[in-house]
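S.K.: Top line first, the protein sequences correspond to chains A and B. Going by the working numbering, the first sequence opens with residue 1005, and the numbers climb by one from there. Going by the working numbering, the second sequence opens with residue 256, and the numbers climb by one from there.
None of these hints come from the bench; they were simulated from the model. Remember, it's a predicted structure, so these values are computed and weren't measured experimentally. We put the beta carbon where it would ideally sit given N, CA and C, even for glycine. Any given hint could be a false lead.
Counterexamples of contact, computed for chain A against chain B with all Cβ distances above 12 Å [said to hold, decoys possible]:
hint : residue
1    : LYS1023
2    : GLU1048
3    : PHE1068
4    : SER1069
5    : SER1090
Lysine-lysine pairs mimicking BS3-like chemistry, simulated, CA-CA at most 27 Å apart [to be verified]:
hint : chain 1 : residue 1 : chain 2 : residue 2
6    : B       : LYS293    : A       : LYS1045
7    : B       : LYS258    : A       : LYS1022
8    : A       : LYS1040   : B       : LYS258
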Amino acid sequence: ETGVTQTPRHLVMGMTNKKSLKCEQHLGHNAMYWYKQSAKKPLELMFVYSLEERVENNSVPSRFSPECPNSSHLFLHLHTLQPEDSALYLCASSQDLRGGTYEQYFGPGTRLTVT
Amino acid sequence: AQKVTQAQTEISVVEKEDVTLDCVYETRDTTYYLFWYKQPPSGELVFLIRRNSFDEQNEISGRYSWNFQKSTSSFNFTITASQVVDSAVYFCALSDADYKLSFGAGTTVTVRA
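Model the full structure from these sequences, guided by the hints.
M.R.: The structure is reproduced here in structure tokens:
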């Protein structure tokens, strides 16, 4: 595997379900990110981790819970979601948090549908 | 506050035509970075280029070229001799010295055979 991978690619879940999204980066990067991409809205930064420590929690509802067990893996745990949470969830990584110096590399995303 | 405006929502061209995507940005920082990303139907954002505010040289990479003009706060992207595989959503983005990227709304490019 190369680059940034995400599983599953598609997920349909009911509002009472609990599920997790997984992201893995094979680039040796130290920073990882979760973004939400909704139709007709700009990409929204949700969470940022640097060396497994969370450095950004961008006013995201508590029904989204991130976890970064090591610098290569990032999870997004989902529970009691709402239909408006349906979106493409993108994971990204970068060498470190000097965002201008290092570009972010994105995974293919998980298309989430909440029914 | 940082802001990126991509005024063109959709562009449709016939194969082999050139297409230019506009990007206008706003920032109060003197040091900043500009990016272009491509998002094909598969969903993954593909990094295309990064430019810092001190480097106004235009860049060409194959059929892609970028025109950075600080005087007009623009960082435009041209695809020469477009191909069907260029069909995607293209995003312009801006960051200062930290990791936060401000994305534009994106321009959907459709290249017809």
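S.K.: Output the numbers, in ascending order, of every earlier hint that fails for this structure.
M.R.: 2, 7
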